[in-house]
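Protein chains: 2
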Amino acid sequence: MNFTDKLFNTSRKNRSLLCIGLDPDPELMPKANILEFNRAIIDATHDLVCAYKPNLAFYEALGMEGFTILEKTIEYIPGDIPIIGDAKRGDIGNTAKAYAKALFSTFGFDAATINPYLGFDSVEPFISYRDKGIFTLCRTSNKGASDFQDLPCPSGSPLYEVVAQKAKQWNVYGNIGLVVGATYPEELKKVRSICPEMPLLIPGIGAQGGDLASAVNYGTDAQGEKAIIAISRQILYASKEKDFALAARNVAEKIRNQINSYLASRQRAK
Amino acid sequence: MNFTDKLFNTSRKNRSLLCIGLDPDPELMPKANILEFNRAIIDATHDLVCAYKPNLAFYEALGMEGFTILEKTIEYIPGDIPIIGDAKRGDIGNTAKAYAKALFSTFGFDAATINPYLGFDSVEPFISYRDKGIFTLCRTSNKGASDFQDLPCPSGSPLYEVVAQKAKQWNVYGNIGLVVGATYPEELKKVRSICPEMPLLIPGIGAQGGDLASAVNYGTDAQGEKAIIAISRQILYASKEKDFALAARNVAEKIRNQINSYLASRQRAK
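As given, the protein sequences belong to chains A and B, one line each in that order. Numbering-wise (the working numbering), the first sequence opens with residue 1 and increments by one. Numbering-wise (the working numbering), the second sequence opens with residue 1 and increments by one.
Bound-form chain A, shown alone (with noise of 0.2 Å):
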């Protein structure tokens, strides 16, 4: 099955966007293998998202015993909710040829993030796996995404912008989405606005102070649907003692149910 027929599918039986963002960070986490740390968070919040977001830095500082706790957690995750691998690649033509093959062959994700600034030909490898999704990042959620993605292009568009148009002419298998921070509401109105056809990634809610309420008004498409909310820190490490996992469930479930809260109140609106 392809990636946004996944997504849908599991966001629609959960009645969920939110995505939990699977970042195992030894310092902040309960004194627990991180496998089965993982594991637990998986057991206590399957029903309760639309998707999974393993980050591979957290697991490539981990070594080579990182890459195993990531491909068993991968293997653990049920089939029928869609995993996107956030690595952020970017690479020439035949390397980000390889990265392709070890995101969506070797690792089988459904989903990847990746980095525009080598422009068309790095991302050409990534779609032409055409059942999978590719996010490029757009307005991304830190405080530095201003250094450059703010810069006014001639056309008086800034660079994140003219990113969002240069994705939506590459799109033509339909299988690119845009990655933008929830901390920067007025930019994601805009990216909405600019391609209110495809999935969003949005990233920057809890830890980095994001805005809930907005990202659902301005993320999701007409329809309450194609926004992928994704929360890590606030989820994971809702409490460090023993019951970390019922902690996270119990933070996600509030999460997602307001999540439902703001559809709901802009359904009647309408």
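Everything labelled a hint here was simulated from the structure, so no lab data went into it. Just to be clear, a hint being listed does not mean it is correct.
Remember, identical chains collapse to one label, so a pair may be satisfied in a single copy or spanning two.
Taking lysine to aspartate or glutamate and the DMTMM-like style, the derived pairs with C-alpha atoms no more than 20 Å apart in a straight line are [unchecked claim]: (1) 101 x 27; (2) 143 x 121; (3) 166 x 150; (4) 97 x 65; (5) 101 x 121; (6) 166 x 43; (7) 189 x 243; (8) 97 x 25; (9) 240 x 27; (10) 190 x 221; (11) 189 x 80; (12) 97 x 27; (13) 143 x 124; (14) 143 x 43.
Just so you know, these numbers come straight off a predicted model, no measurement behind them.
Given chain A, work out where chain B should sit, using these hints.
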């Protein structure tokens, strides 16, 4: 020893600005065990290079086995030769910290390439490893580079020049360098004029068609140093037969000597 000193020492000892990209591509290489292939290339060329540069994509595409091969390859490279991890990573602060740890502590690279699209807070965790070298993508060697890197910014300069200017401003620990493709000699010349003091990592010679004379003339600093000319396929796959290592040595030696003859002509012309 810090990266810059290590680079200078080896570059002077081997009278070489040549960096060999250790990018094993099963489709291009002679039938051989990949680790044995890398070791044979290192045995045959270690007295001809200033650095080695494994691109992580090729190892990740091989899965778990690839990471073992990469670790053992790093281990095999003589300790005085600097190793640049070509990873092109970029992520928000706490995640970039995990990538920096992965590259510098876990794998133990002397330097790494990074992607600037996310701005300063994605760069900071890398440069805070003061002994390491950090090569920021600036003007890449591929065709698609122009999609975003050439967009004129408000100052009138294209984006890649703004990246060079920002990198200069961020270079408080003196450990930042830039990646500029040899396929765009005018852009290389421009970046060298903006950052006369920075090491430049220059891919694009050989398979990609960049011109070696321009790479040397425009890429080196006033002393004929601080250019790292990275070549991979042209050397690794000089022969698909059993003589591949000797063939690689012959090509590497020819290029090393050619670089030195361009440098000598330039010195004479002064």
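So which hints don't hold here, by number, going up? Result: hints 6, 7, 11 and 14 break, sorted rising.
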